[in-house]
Amino acid sequence: MRAGWLLLATLFLGACEQQRAPLYLPSGEDYPDKLSTWGVLQQRGGQLQPAAGVLPYDLNTPLFTDYAHKLRTVWMPEGRSAQYAEAQFDYPVGTLLSKTFYYPRDAQGRLLRSEQHGVEALRLDRVRLLETRILLRQEQGWVALPYVWDEAQRDATLDWAGASFDLQLQDATGEVLAVDYQVPDANQCAGCHEQQAGKGVQPLGPKARHLNRDYVYADGAVNQLQRWQAEGLLQGVPADLAGVPRNALWGAPREGESLEHQARSYLDANCSHCHNPEGPGRTSGLYLDPATPLGIAYGLCKQPVAAGKGSGDRLVDIHPGAPEKSVLSFRLHSTDPSIMMPELGRSTSHREGLEVIDRWIASLDGEC
Amino acid sequence: MRTAAFALLALPLLLTACGDSEAPPVANLDFQKQLQTQLIKAKPGEVIEIPAGTWQLDRSLSLKVSGVTLKGAGMDKTILNFKGQKSGAEGLLVDASDFTIEDLAMEDTKGDALKVVGGRNIIIRRVRTEWTNGPATENGAYGIYPVQTENVLVDGVVAIGASDAGIYVGQSRNVVVRNSRAERNVAGIEIENTIGADVYDNVATGNTGGILVFNMPNLPQPGHSTRVYRNRVEGNNHKNFGHKGTPVASIPAGSGVVINSNDKVEIFDNDIGEHRTANVIVSSYFSTGYTDLSTEADFDPYPEAIHIHGNRFGPGGDSPDNLELKALKLAKFGLNGRLPDILWDGYVNPDKLVDGRLPAELAICIDNGEAGIVNVDGPGGYKNISTDMTPHRCELPRLPAVELQAALAEAGEDA
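Protein sequence lines, in the order shown, are assigned to chains H and F. Read in order, the letters of the first sequence correspond to residues 1 to 368 in the numbering used here. Read in order, the letters of the second sequence correspond to residues 1001 to 1415 in the numbering used here.
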């Protein structure tokens, strides 16, 4: 064990001392085999943390992936910045987004089931790192690169075909949850990140409505959009943030963030990347994006089209007042791959998320 | 370019397959990883060959590169089996154009077997999709499932045991389904919200409903112009094992060809028989149990311009799978009688009536020898049943044949 730590320390020592900038790869397919080569994250003093000049960020309401916690970072080449737009920022060539999936572990090494909380550095003896996904903006567009962490947590290796882990999570009451954790393959990455073949991969998280929140940086809490602008990462942020869309803050809704806003924020983060008029879920005619009003297209009294057993013998996607009659609730509850929604990214159901969705559906008035 | 893959991996066949209800079989993880990596890294023009063998997989395959051919050694030789699948809503998901898949089988997927979303110029031939345990509610929904595609040839496929439709073409344009066999699914072949489909020289048997031509509400594209001809549609009497809420849930067992809410459908020169409910059913969305709270205002729920001619009908209508229809049959046609070959729920668009009748160009026109129709008066609560043929003695212009893009048609000729 000690020898391992020593080796680890030696391996990363060089990188720390040199403090080189992350890899700038504007074109070509010469993607590094090892995550460490990107220089986005560094291991130092038994911690994994963003390298110098790499900014961590968090989202208002995130995507649920089997209770995995996520360390998200953004880096742009010196002197370049993204252009603000309400729906989607225009990121400069060379931008690197990283998302590291991990579980916290206790002193006995058991993995813990808990809701995400933002942290800037991960104590390597208290986390289990699973995968780091890199989104790279090149001249021809974005590329999604899945890296899988090795057992010893030294480095992650590019694995186009994904991977899987059998894990057990323990919650505060000692209850154990079995997780069949699936690292997506590169096509599955694109399955969410690319609306249609040939249209190109796009980032999903770092958009205005998801980023518009405070983040506790080393020097204090600041709104992320303003911080990005101050750091030169983003241009054109409206001076008055009141005009910028903002999803509900998951788990701790701000004052005035209604149940409907919380539910729609959750469906936005978990469903709308496919369920929008352009995305792969478009064939269902069910659109759960923020622009679609609450009506038939948003699922209200809507018959499923090709749900198969995903219908769960329920007649409509959202039956006002009755989550138990709503396909939406059935598919969020299920962990059967042929039934569950989202189709990828989880093998367990998200109790806390379901609680909000079911409460919201129960609160709706009307008949079908 | 041709990639001869898996030469080394091809040897080991699974020995565990015999223990049926035992633990799920062990996946050929190396094979799976190699095949998925090949699909990810494929270049346009590449032919990926999968050798003979039964390959056990536990997660979905997917392809996003256009111009790729996936080829096996035969639908009974190269078998991708997904029993015990852990992730993915289908066996193979394709989001690409100029795609050909041929000569292989996909078995026991958790969800759909082969789903193709949004591509152009798709050829699916001599592919088998099957749930090997036979018809069951827990089977995946669709076998062969192109959706929002254009220029599609489905040729010589076999689809067995789907809990929805064996061959399901949704929201597509310019489609040919031919020389195929759909057996023991809820719906054998279903054409839904599709513009321009020719369905011919197929066999649909042992399903709940043989061949369906449907329109669903709230989708970007309403369908029309489907020709169903020269098929053998026989003995589709299987108990409906679909799921409530799905379009096929309303299909009574014993349905031959069913048209729901679709327009311009021509049914001719088929052999249709041995259906306990009816050999042909023409119905509207209102008969599926939903109200207008579930449909966008622009949806047209009425089947219009339906042309039925020159089919050879076998026995049918002797024991309909629906309480109202049972009662109705008994009252009107007697214990040993039968419903006529064609059953219509009787819904018409009141805005389009001229002197109380649908104009001929929107009517259900029948020119089929002795075959009769029964209007079961759905709107009137099944009270004023009519077998009057007069409103149906009309003719509609023949629909044009679907012309697949030249390259695709040519490829089809080799089959």
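Source of the hints: derived by calculation from the structure; they are not laboratory data. Take the hints with a grain of salt, since some may be wrong.
[Said to hold, decoys possible] If you only want the chain F side, here are some residues facing chain H, beta carbon under 7 angstroms, derived: (1) 1036; (2) 1064; (3) 1087; (4) 1140; (5) 1148; (6) 1163; (7) 1230; (8) 1243; (9) 1245; (10) 1287; (11) 1290; (12) 1293; (13) 1294; (14) 1296; (15) 1385.
[Claimed, not checked] Cut-off 30 angstroms, straight-line C-alpha distance, at most; resulting in silico cross-link-like pairs (BS3-like, lysine-lysine): (16) H:99 to F:1041; (17) H:34 to F:1383; (18) F:1071 to H:199; (19) F:1041 to H:199; (20) F:1086 to F:1244; (21) F:1244 to H:34; (22) F:1244 to H:199.
Think of the CB as a built atom: it goes at the ideal place given N, C-alpha and C, for glycine as much as any other residue.
The hints, checked one at a time:
Of the supplied interface hints, the one on residue 1036 of chain F holds, with its beta-carbon coming within about 5 angstroms of a beta-carbon of chain H, less than 7 angstroms. Given the 7 angstroms rule on beta carbons, the hint for residue 1064 of chain F holds: about 5 angstroms separates it from the nearest Cβ of chain H. At about 5 angstroms, the closest approach between the beta carbon of residue 1087 of chain F and any beta carbon in chain H falls short of 7 angstroms, and the interface hint on this residue holds. A least Cβ separation of about 6 angstroms between residue 1140 of chain F and chain H falls short of the 7 angstroms threshold, and the interface hint therefore holds.
The interface hint given for residue 1148 of chain F is met, as the beta carbon of that residue sits about 5 angstroms from the closest beta carbon of chain H, less than 7 angstroms. Restraint check, residue 1163 of chain F versus chain H: the minimum CB separation of about 6 angstroms is within 7 angstroms; hint holds. Because the closest C-beta pair between residue 1230 of chain F and chain H is about 27 angstroms apart, greater than 7 angstroms, the hint is violated. Because the beta carbon of residue 1243 of chain F sits about 5 angstroms from the nearest beta carbon in chain H, less than 7 angstroms, this interface hint is met.
Because the closest C-beta pair between residue 1245 of chain F and chain H is about 3 angstroms apart, less than 7 angstroms, the hint holds. Look at residue 1287 of chain F: its Cβ only gets to about 13 angstroms from chain H, farther than 7 angstroms, so that hint breaks. The beta carbon of residue 1290 of chain F comes within 6 angstroms of a beta carbon in chain H, closer than 7 angstroms, and the hint placing it at the interface holds. Annotation: interface hint on residue 1293 of chain F holds; nearest CB of chain H at approximately 5 angstroms, less than 7 angstroms.
The closest approach between the C-beta of residue 1294 of chain F and any C-beta of chain H is roughly 5 angstroms, which is under the 7 angstroms cut-off, so the hint is satisfied. Here the hint on residue 1296 of chain F is kept, as its CB sits about 6 angstroms from the closest CB of chain H, short of 7 angstroms. At a threshold of 7 angstroms, the smallest CB-CB gap from residue 1385 of chain F to chain H is about 28 angstroms, leaving the interface hint violated. For the hint pairing residue 99 of chain H with residue 1041 of chain F, the CA-to-CA distance comes to about 23 angstroms; that is within 30 angstroms, so the pair holds.
At most 30 angstroms may separate the alpha-carbon atoms for a hinted pair to count; residue 34 of chain H and residue 1383 of chain F exceed this at roughly 74 angstroms. About 27 angstroms separates the Cα atoms of residue 1071 of chain F and residue 199 of chain H, which keeps this hinted pair within 30 angstroms; it holds. Our distance criterion of 30 angstroms between C-alpha atoms is met by residue 1041 of chain F and residue 199 of chain H, whose separation comes to about 18 angstroms. A C-alpha spacing of about 25 angstroms is found between residue 1086 of chain F and residue 1244 of chain F, which places the hinted pair at or below 30 angstroms, so the restraint holds.
For the hint linking residue 1244 of chain F to residue 34 of chain H, the alpha-carbon distance of about 49 angstroms lies beyond 30 angstroms, and the restraint is violated. Of the pairs offered as hints, the one joining residue 1244 of chain F and residue 199 of chain H is violated, with about 36 angstroms between alpha carbons and a cut-off of 30 angstroms exceeded.
Going down the numbered hints, you'll see the structure goes against 7, 10, 15, 17, 21 and 22, while the others check out.
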